[in-house]
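**Q** Listed in order, the protein sequences are those of chains A and B.
So the first sequence is numbered by the working numbering: it starts at 235 and just counts up by one.
So the second sequence is numbered by the working numbering: it starts at 235 and just counts up by one.
Derived from the structure by calculation, the hints contain no laboratory data.
Any given hint could be a false lead.
One copy or two, either will do: identical chains are not told apart, so a pair holds if it fits within one copy or between any two.
[Unchecked claim] Think about it this way: if two alpha-carbon atoms lie no more than 27 Å apart in a straight line, the pair counts; the simulated DSSO-like pairs of lysine-lysine are:
# : residue 1 : residue 2
1 : K516      : K474
2 : K394      : K541
3 : K627      : K516
4 : K274      : K474
Letter by letter, the chains look like this.
Number of protein chains: 2
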Amino acid sequence: MKIYRESLIEMKKIVARLTEQTTDLEIERRVTAIVENVRKNGDEALKDYEQKFDGISLDNFKVSTAKIDEAYDNLPSEIKESLLLAKKNIISYHELEKEQGFIDTNTPGIIRGQKVTPLERVGIYVPGGTAAYPSTILMTTLPAKIAGVGEVIMVTPPQKDGISQTVLAAAKVAGVDAVYQIGGAQAIAALAYGTETVPAVNKIVGPGNIYVATAKKQVFGKVAIDMVAGPSEIGILADKDAKPNELAADLLSQAEHDVRARAILITDDEQLAQVVSDQVTKQLATLPRRDIATRSINERGFIAVMKSIPEMFELMNVVAPEHLEVQLEDAMKYLSLIRNAGSVFLGRYASEPLGDYVAGPNHVLPTGGTAKFSSPLGVYDFVKKTSFINFSKESLVDDLKAITTLARVEGLEAHARAIEERFNQKEN
Amino acid sequence: MKIYRESLIEMKKIVARLTEQTTDLEIERRVTAIVENVRKNGDEALKDYEQKFDGISLDNFKVSTAKIDEAYDNLPSEIKESLLLAKKNIISYHELEKEQGFIDTNTPGIIRGQKVTPLERVGIYVPGGTAAYPSTILMTTLPAKIAGVGEVIMVTPPQKDGISQTVLAAAKVAGVDAVYQIGGAQAIAALAYGTETVPAVNKIVGPGNIYVATAKKQVFGKVAIDMVAGPSEIGILADKDAKPNELAADLLSQAEHDVRARAILITDDEQLAQVVSDQVTKQLATLPRRDIATRSINERGFIAVMKSIPEMFELMNVVAPEHLEVQLEDAMKYLSLIRNAGSVFLGRYASEPLGDYVAGPNHVLPTGGTAKFSSPLGVYDFVKKTSFINFSKESLVDDLKAITTLARVEGLEAHARAIEERFNQKEN
Chain A
235 MKIYRESLIE
245 MKKIVARLTE
255 QTTDLEIERR
265 VTAIVENVRK
275 NGDEALKDYE
285 QKFDGISLDN
295 FKVSTAKIDE
305 AYDNLPSEIK
315 ESLLLAKKNI
325 ISYHELEKEQ
335 GFIDTNTPGI
345 IRGQKVTPLE
355 RVGIYVPGGT
365 AAYPSTILMT
375 TLPAKIAGVG
385 EVIMVTPPQK
395 DGISQTVLAA
405 AKVAGVDAVY
415 QIGGAQAIAA
425 LAYGTETVPA
435 VNKIVGPGNI
445 YVATAKKQVF
455 GKVAIDMVAG
465 PSEIGILADK
475 DAKPNELAAD
485 LLSQAEHDVR
495 ARAILITDDE
505 QLAQVVSDQV
515 TKQLATLPRR
525 DIATRSINER
535 GFIAVMKSIP
545 EMFELMNVVA
555 PEHLEVQLED
565 AMKYLSLIRN
575 AGSVFLGRYA
585 SEPLGDYVAG
595 PNHVLPTGGT
605 AKFSSPLGVY
615 DFVKKTSFIN
625 FSKESLVDDL
635 KAITTLARVE
645 GLEAHARAIE
655 ERFNQKEN
Chain B
235 MKIYRESLIE
245 MKKIVARLTE
255 QTTDLEIERR
265 VTAIVENVRK
275 NGDEALKDYE
285 QKFDGISLDN
295 FKVSTAKIDE
305 AYDNLPSEIK
315 ESLLLAKKNI
325 ISYHELEKEQ
335 GFIDTNTPGI
345 IRGQKVTPLE
355 RVGIYVPGGT
365 AAYPSTILMT
375 TLPAKIAGVG
385 EVIMVTPPQK
395 DGISQTVLAA
405 AKVAGVDAVY
415 QIGGAQAIAA
425 LAYGTETVPA
435 VNKIVGPGNI
445 YVATAKKQVF
455 GKVAIDMVAG
465 PSEIGILADK
475 DAKPNELAAD
485 LLSQAEHDVR
495 ARAILITDDE
505 QLAQVVSDQV
515 TKQLATLPRR
525 DIATRSINER
535 GFIAVMKSIP
545 EMFELMNVVA
555 PEHLEVQLED
565 AMKYLSLIRN
575 AGSVFLGRYA
585 SEPLGDYVAG
595 PNHVLPTGGT
605 AKFSSPLGVY
615 DFVKKTSFIN
625 FSKESLVDDL
635 KAITTLARVE
645 GLEAHARAIE
655 ERFNQKEN
């Protein structure tokens, strides 16, 4: 792995350069055409695209309940038990995210409050082929169910041999309400606008390739979306006492996802940097996905050697990684130094894949530096808030002068008159 | 006003048609060019655009603290007091929106939690000319400050006679940290990417015209944005006992905003519908902004007469209005029937302009049906969440089998090995 030994200020520039985003206008244009076509022509357009992109001709997109039940019944018990353990822990964590709204009755004559309402219907996107992760189906569906969403619609690209049995079983474990075999930008368009067979949803979540991400961004506004997901990332902060073999293994667990995945180690120990780099090379040799992982490590990974632990945190806050491991002595005490990260793994035994599967916190996380302003997918993504007020006549009188003054300052005479109309003598 | 007397099913179709969104590809293209130019050429591009679009040549975009202080000192006391009352009530309401994070220590050996961190820097957009509302400066800045945001940057288009004194004074009342005289898509690009003089922010909020809204959508992902704002809306539910003159005045308070604003009344009383329609015509005659309000009422407003109160709510939930007035007997009891609305005004004295200024809940609200999935602007918009876990060795052992099983089902061998590496005998 490339090892940098630059100053903090220099490293910040390097990180900014490495993480710069680019927009592909050609993909934008292609996606716009797909979205417009599906919006206008519905199922017919979906059929054309599935034939064209996936080489599959379908009469009916919807997967029958019988097929889903069958997949669940045939699931090997070891996998079933693992999914059920994951489900239990995801639920117990996400229950803590539930919001209650509030009501303020402290001023006589005035009631002010906020109510929390679940979205009516949401769509979850599940990538096809080797990127169809059963764990992600739990991570996207369960928070929606806990929020009280009425209906969760799953879409996933059709496969020559049919949808993976594990994926269908996971859909049943998670409580998905319906599964449609559609993928790509066309699936996002179908969820946003609805077709003859696919119901329109209020929000679309879940990871996907660049076409899916671009389509999500384009339909944003018509529906809500979660953050546009980029390649996976891990940032590790480690001192001289961390175990190089474990750090290398954790770096590779992200690198194997995607050639564009990013694995970063920041340490204050020159020797550790060198040993981890060697370990990465050694462990790569026996990985089934070594071609992907090698490219990710060589093209996008790096190790930075900094002068002190505060400098390490300062640089990592600029990276704002999706996953952050703190492999430092007494890791918990550093929580207050972390500003920007999706999910934090504290201490030697909080290895990143633990969070991918069974720990409970969500694994759909902000990538590409968006942890500076975005949160993990959560129950809060599947509700919206509505404020409300109730005022007595006397309370409105108390505020009348301020309202009419501000309305007229803003040139909005009808606003002022609406209040004054309550106090006009004449009745109409 | 147009009065519909259709069935619920027919009315739902009419609402869907009336609220359909369209995309203007020509504006999209122009905005893309502006954003790219500002991203590449910074201040130089900003100067060119301000000259071109606003006809104003500026050497320095930043408004001096002295100018802001002067505006505040010269503010008429009536306006100052009104702004301070609004500030007090906005703060007391938004304090109730603060989130605390959580920590779960119920399982020995396992710590799971979520921390809440304010965004570091946010930008607020304030439209120019007659749409520069001091009240909106309070509504966007105060929640950010309550959330703990380090720096709030305000941008607003330069004006021939200089920025409005009331706007500058409101910026001081709200606690804005810096004001830049830039507007339009170029201002959004500057906030997203930063220039030599304008600092890059993590999130951009606030209303603007179609260029501003399009630019916000385009930079979404690089930074966070609030929902893309459309024209203002009011939906009123009223029964035979509601006061027609007050309903008409409230409808007009939204209609005067914009020719594209939408004012809707849904009632179960045929006679009320007719009288309100007459009142609207009568009150329009003396409104200073009657040209705007007349077009809004004629082209986009309507009254629907439905069969029952439940039908009225069902239709209004399809409209999902930005502002919803419930002018029904015993209004509070209907809170549970409301699913989709930005802000709800219950009872005769909760007239919509009360919420625009001094009641306390935010007036930056979801428009165009987006209340189906979006919330009022709030303190929650200015923080992000980070999950964290800490596991003991024994707790990781308990989960080892489930993690490695799921990792291998997903074809992610390096994930499984990262966990197993913790328990390898050999030390490296």
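**Q** For every hint, state whether the structure bears it out.
**A** Here is how each hint holds up against the structure:
1. K516 - K474: Intra 20 Å, inter 80 Å, cutoff 27 Å: intra-copy only.
2. K394 - K541: neither (54 Å within a copy, 52 Å between copies)
3. K627 - K516: between (77 Å within a copy, 25 Å between copies)
4. K274 - K474: neither (60 Å within a copy, 42 Å between copies)
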